[in-house]
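A.B. asks: What follows is the residue order along each chain.
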Amino acid sequence: MLETRNLDKRFGAVHVTRDVSIKLERGERRVILGPNGAGKTTLFNQLVGELTPDKGSVHLAGVDVTDLPVAKRTRQGLSRSYQKNTLFDGLTVAENLGLAAAIHTSNATRIWSDSLARPEVQEIVQDVANQVQVLPYLQARVSEISYGVRRQLEVGVALATRPKVLLMDEPTSGVGPEMAKGFHRLLNDLPRDLTVLIIEHDMDLAFDVADTITVLNYGEVVFDGQPEAARGSKLLKEIYLGSWEDA
Amino acid sequence: MAIDLGFWTLQALNALQLSMLLFLLSIGLTVIFGLMHFVNLAHGALYALGAYFAAWLAAYGGFWLAFLLAPVAVAGVGVLLYSGLIKRMRKSGPMAQVLVTFGLIFALLDLTRIFWGDLPQVLDAPAMLDGRLAFFGIEYPTYRVFIIVLGLVVLAALAFVLGRTQIGAMIRAGVDNDAMAACLGINVEKLFFVVFCVGCALAGLAGAVAAPLLSVTPEMGLQILIPTLIVIVIGGLGSLKGAIAGSLIYGVVQTFGAVLAPQLASVLIYALLAAVLVIKPTGLFPAKG
Amino acid sequence: MFRHTALRYAALGLLASAAVFQAFTADYFGLEILTEILILAMLVLALDMVAGFGGMVSLGHGALMGVGAYGYALLSTMGGLAPPVAMVGAVLVSGAAAWVIGAICARSHGIYFIMATLAFGQMAYSYVFEAPIFGGDDGLGGIVRPDLGAVGMDLNDSRTFVLFCLAALALVYAAAVVILQSGLGRSMTGVMHNEQRMRALGLTVWRVKADVFGLSGMIAGLSGVLAAQHILYISPGLLSWTVSGEALVVVILGGLGTLVGPLVGAAAFVVLKHEISALTTYWHLVVGVILIAVVMSRANGIFGWIEARSAQWGARRSADPLHISQTEEARSDA
Amino acid sequence: MKRTILAALGLATGIAMPAAAADDIKVGLLLPFSGVYAALGNEIEAGFTLGLDHFGAETEATFSVVSQDTEVKPPVALGKAKKLILQDKVDVMAGIVSSGVLGAVRDMVHGAGVPLIVANAGNDAATGMDCSPFITRMSFSNGQVNRPMGTWMQAQGINKVYTLAPDYAAGRQMIDGFVETFTAAGGEIVGQEFTPFQKTQDFGPYLAQAKASGADAVYVFYAGGEAISFVKQYDSFGLKADLPLYGAGFLTSPLYVNAEGPAAEGVITALHYVPTIDSPANAEFVAAFVAKTGRVPSEFAVHGYDAARALVEASKTGANDRATLAAALRGVSFDGPRGQMSIDPATNNVVQPIYVYETVAGDTGLTQRVLAQLPAEADPVNGCAMPAISN
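Residue numbers (the working numbering), protein chains in the order written: chain A, 1 to 247; chain B, 1 to 289; chain C, 1 to 334; chain D, 1 to 391.
Keep in mind that a hint or two might mislead.
One-sided excerpt, in silico: chain C residues whose CB lies under 7 Å from chain B [to be verified]:
id, residue
1, G55
2, V57
3, M123
4, Y282
5, G288
The calculated EDC-like cross-link candidates involving lysine to aspartate or glutamate, where the alpha carbons are at most 16 Å apart (straight line), are [to be verified]:
id, chain 1, residue 1, chain 2, residue 2
6, A, K23, A, D189
7, D, K83, C, D27
8, D, K89, D, D23
9, A, K181, A, E220
10, D, K199, B, E219
11, A, K164, A, E28
12, D, K240, B, D130
13, D, K240, B, E139
14, D, K26, D, D88
15, D, K160, D, D216
16, D, K292, D, D53
17, D, K160, D, D242
18, A, K181, A, E170
19, D, K83, C, D147
20, A, K55, A, D19
21, D, K89, C, D27
22, A, K72, C, E275
23, A, K23, A, D202
24, B, K87, B, E189
25, D, K89, D, E188
26, A, K23, A, E170
Anything over 12 Å on all C-beta distances counts as not near chain C; from chain D, calculated [claimed, not checked]:
id, residue
27, H54
28, D88
29, N123
30, V351
31, L371
It is worth saying that the hints were derived from the structure and are not from the lab. Even for Gly, the Cβ is constructed at its ideal location relative to N, Cα and C.
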């Protein structure tokens, strides 16, 4: 469903992505692990097109999308959430979801009618709000809801584009353990045919939801396989768990 | 028409002379922007003030006194502006800054009218710069050569200060990344203050040296503003290299445009600006950061 | 996103009734001032649409207004079109010009956007100033007003013309509200808040910017058409960047992003200018100082200040901890 | 046509004729007191006030004056003109510096039937194609000032000329006037350039071209700030010696010549007035103006002065309202500072002699030496079909 072939990227002297080739099957849940600065977010940015790789290619559902701009990739079914909330602060929760849903349903450029009032947009808004558990806050402005709810909304906005592949950048960053468990449930409730790639710091969550695990270190894939194998991997413990415990 | 090599040399010098005048103006504006992210539309008004101060001072002590003191006087106005307005506007968005300095243009324009009236003021070039120099088989006004040399001297001095001194290193650090500069223990406020005043002084200097060439009128600040903005936007806001490149491009396009395509002369430079922004939305040499 | 609040409705009602009252009672000079206000209000409405709701601060709207004015003059005199057709034509031309400018400048942000629009405005100004077809510096005369005799209106009567402008402004205001609350308007506000995210959600950002800029340009063009019909004479000064600057001043003076505020600002600005210029030829100084004071006060203009005050007052009165219910009230108004 | 214009200007119903006392004439002055032409506005107003003070006693009428700032914006000027006509209900208006402003108020003035004494704007069309019985020009027309100079320069043995002027209507009309007679007399124009108006600060590129053109002389029109920059830069390039500078006299107007300094010495230009004209009327005017303002009067001051005088002369015929004043103004003639002058009834433009003068160093700064007085000639009619005054 989503595949990279020999992706490579340098920022000056820093080699942030080294020859990364990963392949996600349809419906696969994969977690990317790695210490800070391992190049996880940089990889995401190249997947969605916010960064252009120096070498290599990105394929979505078998199509080479390396040269497509961000917006076009999203319209072909690739969507992401961010590690740092990138919400529309002055707007309500419903409007945040509505903006995304309107784009997906081609209502975002209507001049004479309100996109949010369209039934197909409303349907997505209700549906996604239910999925990410923000239904009670639909009419509240982003500035009025708690951080945890904002994290859920962050994922919700990405979901409202009805993606085939969802990339989540540390969805649980900064939330407490209770909230993290909520995320766990949320992830498990997502439709099974949705392909999900998650950057995650929380090892427990990672092992819990992942079908497969990829470990990045210094921009390089150092492990790619089943969670069980990862759990036992000595290499992983050294480069990842070590630094994780430090952090 | 007897157009020969001498003609083109003459035009090249004209282009260079115009470039240097614009460089004196744009360098201050662009460094202020690079460091403080502050767009001072009133920079042109400070240039006009420089010309007025110079014309006024010259009546008492001649050209050289005016040449030395007018920039100081404009820097003094800069001190007032900085402590009264600019300091408080630093955190505001670009629009608030554009508007405050837009209001400042209005106010300064009428203030010059109140103090000096509507009639143009006089500032004559000193006798030693009054004639013409002969070189490369052409004759060129000494005063214009003086402007070119002055521009190059300022350029060299700035290059030295920025490249070789501690304060220069601080400014470069500040332009690259102001948060980091603050972390390095640089007194950012003080640095801003110094740079703002030096920028004002350079605008005043440009006004003082332009005065013998042009007419000193209340509108001169408004007339020079747009060319200066074009220079720094083409070059890239906040970039030293950009100010140099922008000035040269403007001087060349304006001078040779007037010769080769007179009907298009005034549209040409705007078209060029639009083209640059389409291809490189942040100018030719954008400052890092 | 634009929302009508009770306060905004009240301000609109007040403005509209004041305008209508003035239109029926004022003498000739009062009517002149009112017409000037209405035309300026239309221009700043167009500017607030893009600057206040799209973050696109334009210094080219004066030029777009000029395109409308010149478009109307040329189409109706040399083009030989009937005035109503020429009006539509001029509005479309300025809309198209604005769309192109918006599309080209879409990649620029902040000060670069301001400068890029300035460049296009100055380009148009220089061209109009020098091209003989536009009458150069001397401008163009011989402009006529549309003949609405069929519906029993004589636009050559000042009072009728004021009402015509008022009706046009009301229509444009309604259109602006509809546009701002439409899918396009919402997308644009999304872009203003977070352009990167909107792109990541699949939006073709430049198209949205260009479309809204084009619509705003049509409104600016219409204000130019009305200005041409009002003065019956046009000159390149209409396109000068200082016109755009003044329009921006009015938007800020009134309250950016409130749509109602700029209307208040237009009225305040025109009246202020006339009053002060009657007293002194140094009116620029007074306007400059007022502008600096308003921006330094950090209030969002006159209307923004009123809104902030009334919100404070409202919050004190109903010590309601649940802001959500208030938001719902506001939403049901929209 | 007239009705529709009237109607459009909101005058159709009940054109309020001034109901003031029979012999009080209300005058509206439309002049720029801010913007680039503010200096001209002040100069004309000073001349006008002086003229009223000086000649006012000759008539039984009394005058009250309302001044309005037109800036340099035609729409603003039109608004102010409307205010003068509708609210202040003036009997007559005077002033107008720029041709753009004149073009803007023309239909309004014509439609409302308010006499307007033009005290500067030289647009040829105002007393040509667009002439009106209500618009009387006491200043000059662009062609008028330059035409005699073409013949004169050719007669001085100058055969090849390069011309320069700002790129706007007045600049082109001035140069066209000169070129017309210069080529008719057998002269040759070897090059022409029009520089972007009010945007050109550096004339260097154009001067280099003029130098390379092989001309015997350069003929230019520049005014105000542009004139100062031009004359200074012309001198600094050392062109004056080999390539003498000629032009329309605004180039070295007394108002600006001191800012030009020695650079203006030796420049030969033609104008309808210079303060050194040797006549009792002029000596009296200059003395009075110097006493009042401390500076030598310019052509702009004399426009205001003569506009006031024309008004007084008209009122002496008993004219005291819009229609009678308009009719009387067209028949005005007198011997003033500029010499014998009259109004050509075919166009309502002033007929006046033109003076060729050289700017020279005097005892107290630069002064003007009159080289020749060229006879007054009425402008060609230029398509003016003067309608009769009807009200």
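A.B. asks: Hint by hint, note whether the structure agrees.
C.D. replies: Hint check:
no. : hint                 : verdict
1   : G55                  : 9 Å, violated
2   : V57                  : 5 Å, holds
3   : M123                 : 4 Å, holds
4   : Y282                 : 4 Å, holds
5   : G288                 : 3 Å, holds
6   : K23(A) with D189(A)  : 23 Å, violated
7   : K83(D) with D27(C)   : 11 Å, holds
8   : K89(D) with D23(D)   : 15 Å, holds
9   : K181(A) with E220(A) : 30 Å, violated
10  : K199(D) with E219(B) : 11 Å, holds
11  : K164(A) with E28(A)  : 11 Å, holds
12  : K240(D) with D130(B) : 14 Å, holds
13  : K240(D) with E139(B) : 13 Å, holds
14  : K26(D) with D88(D)   : 8 Å, holds
15  : K160(D) with D216(D) : 5 Å, holds
16  : K292(D) with D53(D)  : 11 Å, holds
17  : K160(D) with D242(D) : 13 Å, holds
18  : K181(A) with E170(A) : 14 Å, holds
19  : K83(D) with D147(C)  : 25 Å, violated
20  : K55(A) with D19(A)   : 8 Å, holds
21  : K89(D) with D27(C)   : 13 Å, holds
22  : K72(A) with E275(C)  : 55 Å, violated
23  : K23(A) with D202(A)  : 23 Å, violated
24  : K87(B) with E189(B)  : 9 Å, holds
25  : K89(D) with E188(D)  : 52 Å, violated
26  : K23(A) with E170(A)  : 20 Å, violated
27  : H54                  : 25 Å, holds
28  : D88                  : 9 Å, violated
29  : N123                 : 7 Å, violated
30  : V351                 : 24 Å, holds
31  : L371                 : 32 Å, holds
Checked against the numbered hints above, the structure breaks hints 1, 6, 9, 19, 22, 23, 25, 26, 28 and 29 and satisfies the rest.
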